[in-house]
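**Student:** Given these sequences and hints, build the entire structure.
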Amino acid sequence: MNLLQMDMNLLKVLYVLLETSSTGKTAQKLALSPSAVSHALMRLRDALNDPLFRREGNRQIATPYAQALRDKLAPVFVSLNEELFGDKENGSRCFRVVLPPALNALLTPVLAEKGHLHQAVI
Numbered sequence: 001m002n003l004l005q006m007d008m009n010l011l012k013v014l015y016v017l018l019e020t021s022s023t024g025k026t027a028q029k030l031a032l033s034p035s036a037v038s039h040a041l042m043r044l045r046d047a048l049n050d051p052l053f054r055r056e057g058n059r060q061i062a063t064p065y066a067q068a069l070r071d072k073l074a075p076v077f078v079s080l081n082e083e084l085f086g087d088k089e090n091g092s093r094c095f096r097v098v099l100p101p102a103l104n105a106l107l108t109p110v111l112a113e114k115g116h117l118h119q120a121v122i
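Residue numbering for the sequence shown follows UniProt numbering, beginning at 1 and increasing consecutively.
Read the hints as simulated data drawn from the structure, not as lab findings.
Since the model is a prediction, treat every value here as computed from it, not as a measurement.
Straight-line Cα separation of at most 30 Å, BS3-like style, residue types lysine-lysine; simulated pairs: (1) Lys72 - Lys29; (2) Lys25 - Lys12; (3) Lys72 - Lys25; (4) Lys12 - Lys72; (5) Lys12 - Lys29.
Ranges between beta-carbon positions, derived for each pair: (6) Phe77 - Ser33: 21 to 31 Å; (7) Phe77 - Val97: 26 to 36 Å; (8) Ser33 - Glu83: 24 to 34 Å; (9) Leu3 - His39: 12 to 22 Å; (10) Pro75 - Met6: 13 to 23 Å; (11) Asn58 - Leu99: 58 to 68 Å; (12) Lys114 - Gly86: 15 to 25 Å; (13) Arg70 - Leu107: 42 to 52 Å; (14) Leu80 - His39: 21 to 31 Å; (15) Arg70 - Val110: 42 to 52 Å; (16) Leu107 - His39: 50 to 60 Å; (17) His116 - Ala68: 40 to 50 Å; (18) Ser33 - Asp71: 21 to 31 Å; (19) Leu10 - Asn58: 14 to 24 Å.
Glycine included, each C-beta is placed from N, C-alpha and C at the ideal position.
**Tutor:** Next up, the structure:
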């Protein structure tokens, strides 16, 4: 199996479960049933060939492999969340504008002026 074949929702379940250490809290956070989280965990275990967690009381304790995955998944999820849902008012963004030559001559000065008003790098 490779990443393109994996259900990405499983990685979301894994990421939240690594944060909460609880199938119940993970279910609440993701608006799923605890049963759905347990089934997702079973599918993850099969796909990754690792138990990922062991139960200790009411907590799920991550295996060393799951802990290593946490270190790799956390920056990806944080970055995606910021990019998709971050503060668009204060965030910096990159735009590429492609115009036909006639419109380029008309609109580039206007776009440049607007950009400079907002401290854009053009």
